[in-house]
Amino acid sequence: MKHRSRLPLLLFFLVSLAMPQTTSSATATGANAGERKSVLDVVQRFFDTMAAKDVDGARAVLLPDGQYYAVRDDPGGFVLRRRTHEEYLAGLATGKDRPLERMWDATVMVHDRIAMVWTPYDFHRNGKFSHSGIDVFTLVKTDGGWKIAGLAFTVEPKTPSQHPAGPPPVAPGN
Numbered sequence: 000m001k002h003r004s005r006l007p008l009l010l011f012f013l014v015s016l017a018m019p020q021t022t023s024s025a026t027a028t029g030a031n032a033g034e035r036k037s038v039l040d041v042v043q044r045f046f047d048t049m050a051a052k053d054v055d056g057a058r059a060v061l062l063p064d065g066q067y068y069a070v071r072d073d074p075g076g077f078v079l080r081r082r083t084h085e086e087y088l089a090g091l092a093t094g095k096d097r098p099l100e101r102m103w104d105a106t107v108m109v110h111d112r113i114a115m116v117w118t119p120y121d122f123h124r125n126g127k128f129s130h131s132g133i134d135v136f137t138l139v140k141t142d143g144g145w146k147i148a149g150l151a152f153t154v155e156p157k158t159p160s161q162h163p164a165g166p167p168p169v170a171p172g173n
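Quick note, the sequence shown lines up with residues 0 to 173 if you use numbering that gives the first Met the number 0.
Hints are computed from structural coordinates only; laboratory data are not their basis.
Wrong hints could be hidden among the right ones.
Simulated restraints on C-beta separations [stated by the list, open to error]:
| id | residue 1 | residue 2 | range |
| --- | --- | --- | --- |
| 1 | D73 | G33 | 35 to 43 Å |
| 2 | G144 | G76 | 35 to 43 Å |
| 3 | G76 | K36 | 33 to 41 Å |
With a Cα cut of at most 25 Å, we get these calculated SDA-like pairs of lysine to any residue [what the hints assert, rightly or not]:
| id | residue 1 | residue 2 |
| --- | --- | --- |
| 4 | K52 | D111 |
| 5 | K146 | G75 |
| 6 | K146 | F45 |
| 7 | K146 | R97 |
These figures come from a predicted structure and were not determined experimentally.
All residues carry an ideal CB built from backbone N, CA and C; glycine is no exception.
Please construct the entire structure, taking both the sequences and the accompanying hints into account.
Right under this line is the structure:
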């Protein structure tokens, strides 16, 4: 991978590190609790549409030209995978896996028409734990409401889930 392709991600993380730290869940400067809840609801809807394989529902919460980055360390080194929202939607429509992603202890920051959600998550595929990590969502408030502009997340298969509810219930057929 060329260093130039890493530059946007590096800048994103440096800006994130420079942001004020908060220890309380769902806190934001300059935003009321209702606005923070609206932002979190969009992220939860995204997870719900993933589990339901609901392409139209997912499209409703994503900006069409958005993208995401998956970051992981493999034995061969650093791996960065980028997909557009359209590529994600195409995979959601055709994928055979049954995904479940859960978040907890989210930190929400809102300013005017932009927002950020930083949250631990765990991911299960076909009823089995796959990995955990950190999700960082960026959202933009359009005339149609909050939309996910982008996402960067770590993929940590060796890090066990720390979800406060424990493992998810086993669905019939697993």
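Structure-based check of all given hints:
The beta-carbon spacing between D73 and G33, approximately 42 Å, falls within the hinted interval of 35 to 43 Å. Distance hint for G144 and G76: a CB-CB separation of about 40 Å, consistent with the stated range 35 to 43 Å. For G76 paired with K36, a C-beta distance near 40 Å keeps the hint of 33 to 41 Å intact. A C-alpha spacing of about 31 Å is found between K52 and D111, which places the hinted pair above 25 Å, so the restraint is violated.
Taking the CA atoms of K146 and G75, the gap is about 35 Å. The hint is violated against a cut of 25 Å. Taken as a hint, the K146 and F45 pair is honoured in the structure, with Cα atoms around 10 Å apart against an allowance of 25 Å. Between K146 and R97 the CA atoms are separated by roughly 24 Å; this keeps the pair inside 25 Å, and the hint holds.
The structure fails to meet hints 4, 5 from the earlier list, while all remaining hints are met.
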